[in-house]
Amino acid sequence: MRVQKKSIIVNPSRCIGCRSCEAACEREHNGKSYIKVYEWKDVISVSFTCRHCANAPCIFVCPMNALYKDDDGAVSVVPQKCIGCLMCAVVCPFGVPELDEYNKIMLKCDMCSHLRREGRLPACVETCPTDALVFGDIFDIQRFRRESIAERVVGILRRAYEGM
Amino acid sequence: MEKRIPIVCYHCSLGCRTLIKVRDDYPIGIEYMKDQPDIVNEHGKLCSKGNAILSLEKKLKRVRHPMKRKENGEFIEISWNRALEIVVEGLNDVKKSPERIAFVGSLRSYNEANYLLQKLARVLGSNNIDSEARFCYLGSGYALLESLGLAASTNTIKSLETADCILIWGHNLAETQPIAFRYVLKARDKGATLIVVDPRFTKTARFSDIYVKLRPGSDLALLNGIMRVIINEVLYDSEFVERRCEGFDDIRRIVTMYDLEEIERITGVPQAVIIEVARRFANSRAASIIIGTGVTQSSDAKRVTHALVSMCLMCGHVGKPGAGIYIASGKGNIQGVIDMGVAPDLLPGHRYVADDNWRRYLEEKWGYEVPQEEGLSLLEFIESSERGNIDGIYIMGEDVLHNTPNTERVLKALERLQFLFVQESMLTPTAELADIILPRTTILESEGSLTNIERRIQWNHRAFTPPKDARPDWWILSKIAGKLGLKGFEYMCQDDVFVEITEIVPQYRSVDLSRIKENVSGMFWPDDYNRILYLDRFSTPNGKAQIKTYKFRVSEEIDERYPFTLITVRYADYTQGFTTGFMDRFSKAKLMIPKVEINPDDAQILGVSEGDLVRIDTKYGSYPVICTISSNVARGTVAVPWHMGLNIITSDEYSSDSKIPNMKRSHCRIVRISREEFEHLLRKLPEHIRRHYIGGATR
Chain A
1 MRVQKKSIIV NPSRCIGCRS CEAACEREHN GKSYIKVYEW KDVISVSFTC RHCANAPCIF
61 VCPMNALYKD DDGAVSVVPQ KCIGCLMCAV VCPFGVPELD EYNKIMLKCD MCSHLRREGR
121 LPACVETCPT DALVFGDIFD IQRFRRESIA ERVVGILRRA YEGM
Chain B
1 MEKRIPIVCY HCSLGCRTLI KVRDDYPIGI EYMKDQPDIV NEHGKLCSKG NAILSLEKKL
61 KRVRHPMKRK ENGEFIEISW NRALEIVVEG LNDVKKSPER IAFVGSLRSY NEANYLLQKL
121 ARVLGSNNID SEARFCYLGS GYALLESLGL AASTNTIKSL ETADCILIWG HNLAETQPIA
181 FRYVLKARDK GATLIVVDPR FTKTARFSDI YVKLRPGSDL ALLNGIMRVI INEVLYDSEF
241 VERRCEGFDD IRRIVTMYDL EEIERITGVP QAVIIEVARR FANSRAASII IGTGVTQSSD
301 AKRVTHALVS MCLMCGHVGK PGAGIYIASG KGNIQGVIDM GVAPDLLPGH RYVADDNWRR
361 YLEEKWGYEV PQEEGLSLLE FIESSERGNI DGIYIMGEDV LHNTPNTERV LKALERLQFL
421 FVQESMLTPT AELADIILPR TTILESEGSL TNIERRIQWN HRAFTPPKDA RPDWWILSKI
481 AGKLGLKGFE YMCQDDVFVE ITEIVPQYRS VDLSRIKENV SGMFWPDDYN RILYLDRFST
541 PNGKAQIKTY KFRVSEEIDE RYPFTLITVR YADYTQGFTT GFMDRFSKAK LMIPKVEINP
601 DDAQILGVSE GDLVRIDTKY GSYPVICTIS SNVARGTVAV PWHMGLNIIT SDEYSSDSKI
661 PNMKRSHCRI VRISREEFEH LLRKLPEHIR RHYIGGATR
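So the sequences go chain by chain: A and B. FYI, the numbering for the first sequence is 1 to 164, going by my numbering. FYI, the numbering for the second sequence is 1 to 699, going by my numbering.
Hints are computed from structural coordinates only; laboratory data are not their basis. There's no promise every hint is true.
[What the hints assert, rightly or not] Stretch-level coverage of chain B by chain A, calculated; a stretch enters the list once three of its residues show a Cβ under 8 Å from a Cβ in chain A:
(1) 176-184
(2) 605-614
[As the list claims (entries may be wrong)] Estimated spans, in silico, between C-beta atoms of each pair:
(3) A/Pro-79 - B/Val-671: 36 to 46 Å
(4) A/Gly-155 - B/Gln-604: 26 to 36 Å
(5) B/Pro-270 - A/Gly-95: 50 to 60 Å
(6) A/Pro-79 - B/Gly-29: 31 to 41 Å
[Claimed, not checked] The following residues of chain A were derived to be distant from chain B, with all beta-carbon distances above 10 Å:
(7) Cys-18
(8) Arg-19
(9) Ala-23
(10) Ser-45
(11) Asn-65
(12) Val-78
(13) Ile-83
(14) Gly-84
(15) Ala-123
(16) Pro-129
(17) Ile-138
(18) Asp-140
Using N, Cα and C, we set each Cβ at its ideal position, and we do this for glycine too.
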């Protein structure tokens, strides 16, 4: 299996709970939103979607081999193969897969494969007004976050130094 | 054939741009304007309303033909000719006494349509023209007009990024206008101070450095307190005040009348916080103020805005990058509506009706006499209709019934009218009351110019074809005027109207039609190259800003029958009465039945707990809700979302100075009720309100 390359990373400290990602996801996926915003007391909010696990249990458990990882590392369904047994739903630690009752197949986030094919980002990431959602190589994202924290620390130290 | 058409989102006053993908005249999706520089939504980002713009178009039943209401309340289709004849007959009847008819402009229509509507009203001899800007803009607009000379925000939204200190007063920016909040967060990342003043702890307050929880309605006292600190500690910019402002001595006299202890008692804000806010605001290099509905929807909107503007002026935070006063109001073309003079006392170009020179100038251009007396405001239409002083109302594209406080009274008043003509694209509750519905095109189905809150004039292109019988607003109005025998309404297309606007409205004179059509980023009035207003001179007659504040009443007596203060709140995925979600998300969202937020201490006294069914009573009616316990609100305050017809119980008492209803704050009581009573109350609600409770209440 390929190593996971890209992922949607949520930064809860920047999420303002505006539900733009939900609305964008709904539009791109025929009225069904795979990303959801959870709120606590109308104040704290975080949006959450499939983690596209590097070692995804849903792929292992699928009896029809209907789940696969695409080139960017998105765990996606082949609708023709899926039989709606929901074994993936059983093993998923996050409760992500849901059943499309009409077509009797499993539904989940595919990181907007149709947009990525055109060279664009997933709709939720592209629309997020505060950049709380970031799409990219996990190593790059984490390096960037480390650097920005380090920069802040350096800034504080510098101010303290200059103030002396 | 697939096309990408640039449109302007009209669901809030920011005017974000986006592309609509259209295949064979059918919209198939949205593409973000990712690489477009200089648009209000950086990288083409949209909020939930903008993302759902296509599905929001289909929320209500479309009006496809001109319709006439029969006596039994059913609508029948009629032809355009017949519909226009009936409208013209109705308007002709009152031509002799033009004060007996009223017009309502639309915040969801173009500048051209609003310009034509007010021209039609004034040429007919009536200043009875108003819009819903009354409820969420005009109070502050009047104050800005008096102090600074123009009723408009003074800076660009992007400029917020460079502010040192941002003061958000009575606005949940994160939830209602996330795109603007992006710039606030960017400023904060660079180290700016964010101060949020709100009686409820909101998502915006979560990001604040200083959160000020004031008692609802004590804004003026708090502002006088802050100004007192600024003056006492000599934090103000004396050079700026000396050179560019007037009235500083009066303000010094007023604010020194109160001491901070008294202000602490009235507002519930500790003295230390007041001092901290004053110091941070005054000592910053460039500070911005964002004024929200907490101010503009209350009856003292004008006075509070005067005080806010004065505070800003005192510290010199006007007319430089990063410093500005913004009125962040809710609906689409609100700035354009004010610019076009859709108000009973304002003419196009931010001039009062009483201004003789300006009236003569318009009379010369239009060839008709412009009435001198101020007209009635929107709430006075309702009052006059009750008293029988008004025969008919012409409403252009606005859901007056849902958006006006005290719904039942409005309902009765609208039913009393001899005629009610509604020009509307959807079968809204207001349209259902109409005698004649004239089908108009929606914004996406027609073209025209929209002005956003930063004074940016943008051209919206037609995304797809309207139903066969729907017509653009300007066409309908010019046909009516033509049939009434009025001259000067002969237009070939909306471009002609826009050209007339650029000739008449002085602020729009520099706007080039072909440029705004080609350039997605639009143009600013009054000067596109100089986007910050009042760089060296204010627009008041003598070029100086007027500093002004008011004394406040010391205490309000608490009515024992209605001990709580009800404040209305807004949610992110709602626009007016509509959710942005599809049914799937809607049924799972928290918003099925409105929830009332009650402070834990109050809940203990009332004996209610999470999930109980309660009834909110005000003087105007009762409203069933589900109770949720939250310390977001202070004791004595309850918060309810506004979107689901809460206007049934909101206050319609208006102030005499600016005629703004006090709809943000009403006095209420909370009563616990059984499920039977809850369902009974639901059934009793007016039909259009009940529709918003789809399935949720009985589940």
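Now for the hints, and whether the structure bears them out:
{"no.": "1", "hint": "176-184", "result": "holds (count 4)"}
{"no.": "2", "hint": "605-614", "result": "violated (count 0)"}
{"no.": "3", "hint": "A/Pro-79 - B/Val-671: 36 to 46 Å", "result": "52 Å, violated"}
{"no.": "4", "hint": "A/Gly-155 - B/Gln-604: 26 to 36 Å", "result": "46 Å, violated"}
{"no.": "5", "hint": "B/Pro-270 - A/Gly-95: 50 to 60 Å", "result": "45 Å, violated"}
{"no.": "6", "hint": "A/Pro-79 - B/Gly-29: 31 to 41 Å", "result": "20 Å, violated"}
{"no.": "7", "hint": "Cys-18", "result": "4 Å, violated"}
{"no.": "8", "hint": "Arg-19", "result": "4 Å, violated"}
{"no.": "9", "hint": "Ala-23", "result": "4 Å, violated"}
{"no.": "10", "hint": "Ser-45", "result": "7 Å, violated"}
{"no.": "11", "hint": "Asn-65", "result": "29 Å, holds"}
{"no.": "12", "hint": "Val-78", "result": "23 Å, holds"}
{"no.": "13", "hint": "Ile-83", "result": "23 Å, holds"}
{"no.": "14", "hint": "Gly-84", "result": "18 Å, holds"}
{"no.": "15", "hint": "Ala-123", "result": "8 Å, violated"}
{"no.": "16", "hint": "Pro-129", "result": "4 Å, violated"}
{"no.": "17", "hint": "Ile-138", "result": "22 Å, holds"}
{"no.": "18", "hint": "Asp-140", "result": "18 Å, holds"}
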